[in-house]
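*Asks:* Residue numbers (our numbering), protein chains in the order written: chain U, 56 to 148; chain P, 56 to 148; chain W, 143 to 612; chain B, 143 to 612.
Rather than coming from a laboratory, the hints here were simulated on the basis of the structure.
Please read these numbers as outputs of a predicted model, since none were measured by experiment.
Computed footprint of chain P on chain B, listed as stretches where at least three residues anywhere in the stretch have a Cβ under 8 Å from a Cβ of chain P: (1) 332 to 345; (2) 357 to 367.
Here are some chain P residues the structure puts well away from chain W; computed CB gaps all over 10 Å: (3) Thr71; (4) Ile72; (5) Gln73; (6) Leu84; (7) Ile88; (8) Val96; (9) Phe97; (10) Ile100; (11) Gly103; (12) Thr112; (13) Ile114; (14) Thr118; (15) Ile119; (16) Gly120; (17) Phe130; (18) Cys136.
Think of the CB as a built atom: it goes at the ideal place given N, C-alpha and C, for glycine as much as any other residue.
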Amino acid sequence: MQKNPTIYKDQQELPTIQRVISVLWPSFLVASISTFLFFAVFDPIDLGRLAGYPELTRIGGYTIGFFFFWVMTAFSCGLTCYFRKPVHPPTIK
Amino acid sequence: MQKNPTIYKDQQELPTIQRVISVLWPSFLVASISTFLFFAVFDPIDLGRLAGYPELTRIGGYTIGFFFFWVMTAFSCGLTCYFRKPVHPPTIK
Amino acid sequence: MSATAGKTPTPDQQVEAELYKKRQKIYPREVHGIFAKMRNLAMVALLGIFYGLPWLNWDGHQAILFDLPARKFHIFGLTLWPQDFIYLSLLLIIAALSLFLFTALAGRLWCGYACPQTVWTEIFLWIERKVEGSRQQQMKLDKQPMSARKFRIKATKHLIWLLFSLWTGFTFVGWFTPIHELWHELITFSLGPWETFWILFYGFATYGNAGWMREQVCIYMCPYARFQSAMFDHDTLLVAYDEKRGEPRGPRKKSADPRELGLGDCIDCTMCVQVCPTGIDIRDGLQYQCIGCAACIDICDEVMDKMGYPKGLVRYTTERALKGEHTHVVRPRIIVYSAILLFLFSALVYAVATRVPLELDILRDRNTLYNETDEGLIENVYTLKVVNMTDKPQTFKLSISGLKDAELIAQSDEIKAPSGEVVSVPIRIRIDPENLPSSGNDIELHLESLTQPGLETTETGRFLGPMPEL
Amino acid sequence: MSATAGKTPTPDQQVEAELYKKRQKIYPREVHGIFAKMRNLAMVALLGIFYGLPWLNWDGHQAILFDLPARKFHIFGLTLWPQDFIYLSLLLIIAALSLFLFTALAGRLWCGYACPQTVWTEIFLWIERKVEGSRQQQMKLDKQPMSARKFRIKATKHLIWLLFSLWTGFTFVGWFTPIHELWHELITFSLGPWETFWILFYGFATYGNAGWMREQVCIYMCPYARFQSAMFDHDTLLVAYDEKRGEPRGPRKKSADPRELGLGDCIDCTMCVQVCPTGIDIRDGLQYQCIGCAACIDICDEVMDKMGYPKGLVRYTTERALKGEHTHVVRPRIIVYSAILLFLFSALVYAVATRVPLELDILRDRNTLYNETDEGLIENVYTLKVVNMTDKPQTFKLSISGLKDAELIAQSDEIKAPSGEVVSVPIRIRIDPENLPSSGNDIELHLESLTQPGLETTETGRFLGPMPEL
Numbered sequence: 056m057q058k059n060p061t062i063y064k065d066q067q068e069l070p071t072i073q074r075v076i077s078v079l080w081p082s083f084l085v086a087s088i089s090t091f092l093f094f095a096v097f098d099p100i101d102l103g104r105l106a107g108y109p110e111l112t113r114i115g116g117y118t119i120g121f122f123f124f125w126v127m128t129a130f131s132c133g134l135t136c137y138f139r140k141p142v143h144p145p146t147i148k
Numbered sequence: 056m057q058k059n060p061t062i063y064k065d066q067q068e069l070p071t072i073q074r075v076i077s078v079l080w081p082s083f084l085v086a087s088i089s090t091f092l093f094f095a096v097f098d099p100i101d102l103g104r105l106a107g108y109p110e111l112t113r114i115g116g117y118t119i120g121f122f123f124f125w126v127m128t129a130f131s132c133g134l135t136c137y138f139r140k141p142v143h144p145p146t147i148k
Numbered sequence: 143m144s145a146t147a148g149k150t151p152t153p154d155q156q157v158e159a160e161l162y163k164k165r166q167k168i169y170p171r172e173v174h175g176i177f178a179k180m181r182n183l184a185m186v187a188l189l190g191i192f193y194g195l196p197w198l199n200w201d202g203h204q205a206i207l208f209d210l211p212a213r214k215f216h217i218f219g220l221t222l223w224p225q226d227f228i229y230l231s232l233l234l235i236i237a238a239l240s241l242f243l244f245t246a247l248a249g250r251l252w253c254g255y256a257c258p259q260t261v262w263t264e265i266f267l268w269i270e271r272k273v274e275g276s277r278q279q280q281m282k283l284d285k286q287p288m289s290a291r292k293f294r295i296k297a298t299k300h301l302i303w304l305l306f307s308l309w310t311g312f313t314f315v316g317w318f319t320p321i322h323e324l325w326h327e328l329i330t331f332s333l334g335p336w337e338t339f340w341i342l343f344y345g346f347a348t349y350g351n352a353g354w355m356r357e358q359v360c361i362y363m364c365p366y367a368r369f370q371s372a373m374f375d376h377d378t379l380l381v382a383y384d385e386k387r388g389e390p391r392g393p394r395k396k397s398a399d400p401r402e403l404g405l406g407d408c409i410d411c412t413m414c415v416q417v418c419p420t421g422i423d424i425r426d427g428l429q430y431q432c433i434g435c436a437a438c439i440d441i442c443d444e445v446m447d448k449m450g451y452p453k454g455l456v457r458y459t460t461e462r463a464l465k466g467e468h469t470h471v472v473r474p475r476i477i478v479y480s481a482i483l484l485f486l487f488s489a490l491v492y493a494v495a496t497r498v499p500l501e502l503d504i505l506r507d508r509n510t511l512y513n514e515t516d517e518g519l520i521e522n523v524y525t526l527k528v529v530n531m532t533d534k535p536q537t538f539k540l541s542i543s544g545l546k547d548a549e550l551i552a553q554s555d556e557i558k559a560p561s562g563e564v565v566s567v568p569i570r571i572r573i574d575p576e577n578l579p580s581s582g583n584d585i586e587l588h589l590e591s592l593t594q595p596g597l598e599t600t601e602t603g604r605f606l607g608p609m610p611e612l
Numbered sequence: 143m144s145a146t147a148g149k150t151p152t153p154d155q156q157v158e159a160e161l162y163k164k165r166q167k168i169y170p171r172e173v174h175g176i177f178a179k180m181r182n183l184a185m186v187a188l189l190g191i192f193y194g195l196p197w198l199n200w201d202g203h204q205a206i207l208f209d210l211p212a213r214k215f216h217i218f219g220l221t222l223w224p225q226d227f228i229y230l231s232l233l234l235i236i237a238a239l240s241l242f243l244f245t246a247l248a249g250r251l252w253c254g255y256a257c258p259q260t261v262w263t264e265i266f267l268w269i270e271r272k273v274e275g276s277r278q279q280q281m282k283l284d285k286q287p288m289s290a291r292k293f294r295i296k297a298t299k300h301l302i303w304l305l306f307s308l309w310t311g312f313t314f315v316g317w318f319t320p321i322h323e324l325w326h327e328l329i330t331f332s333l334g335p336w337e338t339f340w341i342l343f344y345g346f347a348t349y350g351n352a353g354w355m356r357e358q359v360c361i362y363m364c365p366y367a368r369f370q371s372a373m374f375d376h377d378t379l380l381v382a383y384d385e386k387r388g389e390p391r392g393p394r395k396k397s398a399d400p401r402e403l404g405l406g407d408c409i410d411c412t413m414c415v416q417v418c419p420t421g422i423d424i425r426d427g428l429q430y431q432c433i434g435c436a437a438c439i440d441i442c443d444e445v446m447d448k449m450g451y452p453k454g455l456v457r458y459t460t461e462r463a464l465k466g467e468h469t470h471v472v473r474p475r476i477i478v479y480s481a482i483l484l485f486l487f488s489a490l491v492y493a494v495a496t497r498v499p500l501e502l503d504i505l506r507d508r509n510t511l512y513n514e515t516d517e518g519l520i521e522n523v524y525t526l527k528v529v530n531m532t533d534k535p536q537t538f539k540l541s542i543s544g545l546k547d548a549e550l551i552a553q554s555d556e557i558k559a560p561s562g563e564v565v566s567v568p569i570r571i572r573i574d575p576e577n578l579p580s581s582g583n584d585i586e587l588h589l590e591s592l593t594q595p596g597l598e599t600t601e602t603g604r605f606l607g608p609m610p611e612l
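Given only the sequences and the hints, what does the whole structure look like? Please build it.
*Replies:* If you want it as structure tokens, here you go:
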């Protein structure tokens, strides 16, 4: 461990497992909730027909929907970590 | 500023504006992309009819879709900050 | 969780080192005792429900089936449709609130006995012990360099884990899609791609969480663990070490009198640390990682027995009881939680009991207010939406009331609606203007099943006409 | 961005204090000069495009309109439909890549001259100066306690800002929904609720970002600023202070000879700090906050002129040039970016140029392979999807080729498709089995517009029949 850690370094030093979890896990939870809400309103069969895939099964539709939500939420969680990095010290030397 | 800040404290001391932005802004960006992708495939008029709101306009559909995505992504970004908090020191005294 | 005076104040460096240290594998020692029995009982019961219930049939279909492909949920005799969304949401809120109430009362008893993560970790640990042997044997094996024997043992363990995980994934999917059909598809190698995917996905999640992640799931992933301290108070049941009785700790002969040696009852055998599935030392005070499983209580009671000391050096207690005060079970937050729960539960029961699995919506034609027919009658045009939420196809009869001599014109006298479908029915209503008291009137449409007597509903619509001439 | 030797190494405490300090409002001093003129020119041009272009008509409709309510994009003569999604994606990728190329060449010139955040902040600063006066007057006003005069001035400023923001919001919505109609709805107070919402939303965003947040947007929100350093190299254009020439800095009389005083050319007038919109001191070296706007260059050149020193103490340069080396404009990353850009751009131009605004999909009936008619002909059933992506309704003629004596049976000889719509056409094709070379054959359907000669497309489908008897 370094002696006088800057804040930037500190954040980096969260356990890797926690850093991975903090991006993939909340996004998984929210994607699940989104899937539940979204498909309570829409039937994937109808959506498949609208999108031009009339042979899509319901399970297939739920899966695609869930992963669409998960990719999106995980991406935005990852960006949050990016935007939470302290800005570089005022002077780059 | 406190002298020997623990990591937990440090994270708290990011400027408030940055903490707010790091949740609302990436989620806004990702919600915009999601809206773009989602409505490139689905016509809000069709979706409105499926959901039982045949009088929904397209702009209305886009707006509802965008805010649905934004609320979801912002919620998951917020949770990421929550899950990134270092776990309490092993012993609570 | 108020301050319990710590003997040695931890320097910040040590805390940080603790935070960053690489995770070390925990080898919990097997434990026997009253709480271990209860935990095993809970484990068998819960796993039995999970793996067994989907196979139970009821009235010709799977007793409990959240049938995603068919978009309907079967819960014994009750069938819920997407329109019944509210019931499921209510049920989830009740479940969350029950957990709150339970936590306020009994702390993390949920974590130690009923949480799926704990239950599956226990069964994986059981498999690990059967294959690799006791704690000592496992630690020894892991320290050895790779050998044919080690490889064989490890491969056996992972193979059993994986098979068990796949079976778990299969069962999980069987809660959401008819399990008998799924089984048939499995043995005929005709599983659909999506079903296969989810079996693998959930199987992999089980293998990873119960085989590898284990206590890290509780520490990093469990949202409940992070906020449960907010629900703790001085009257919450928790696992605690009786510091006053135990300290100063130290080894001694069984025959020795601790008082003479100036020692407390703790013989510092570290058995409580060895059995802990999250690898903590309960004697350090209440900790975030403690899941309240009572393994340390069981083992310590056993040790105390052997030493001839009274049991309960580590025990279920409350902070108040530890201080020698009286524990209050009934306290404001318990009353508030219970009251809300009782209200929500009553609401759910009432809603389910009075639920009519039939819906009638009346949509007025939006283009015209009204027409006048050649005979001088006033005509309004509607589209009816009939939702049959029963398990059987229904034939309905439509009748009208509310206005004198109203004439109902439909394509057919009867409305046939298949099970779980929404049927659109265009209708016209004609009334002599003399029978219209005003330009806007209420009419009542009554829908009655001919197939299932008693299944009926009434909906009110608007009938528009000209301003009556006075 | 390699190490430039700092004179005073900043202690960690100072860095942290810097990170956590409460943001202080920056009052950039007005600046005149060549770069200020260029910046103003860019500002006027870009704002002119933003506010003016939506009002321009072309061939009877808004020249550039991303018509969300109608789900089609007009870009002068070109109309894109959701089916043309790929063009827009390609365009966005090209835009991003252009920014990369531009950054490698000219650093953050984009930030200083063209970024909407800079442009709108400039116009808001201009309004602020017109209402509140110069930098000194603004600082003085802010230090005063609230008074009727101060309130009047502040209220005026915010009112103008808000009106301007609302107009911005209106224009923004006008890019996505026909602006002439929107204007008509606005003046007749019949704006739809969603349009109103987005005008207010975007207006509020403009007011907040350009009026209040300003440089904080660049520091905390701009993703580009955070990774642009990865695109910098020693040959990238940047704003830099010539340390060798300027130091040691210090005030002196105009008549004094700096060499005699042992001073460099910097008179330490701090004008470069006063004009900086992000409030940094360029003399501290290259900084994350520098948006390359060259305000400090303009003001320093003015000061150097007054002092009778040569211009360029602060100037656009490269790290290599500062070290006295030669700057390479053509370097590997520039070539790679340019090549990819050129390829993508050619692809886009080619795709748009050869785009046929007509799509034909052939869907076979999935229930039967083929029928045999009473006359012994083999019949296949299809559904055609015809997408008319032109601006006008079209009448199409369908013809068939590829198999001898194929008979085409449709409900009508002509297919009428309204502009931008998908039309489903059921058809049957009958062929004498003698003319079928095998059980699976290719047939070609040819769709040709009668309305617009030259608009045609050909699609290949499968025609199934019995195994030919040999």
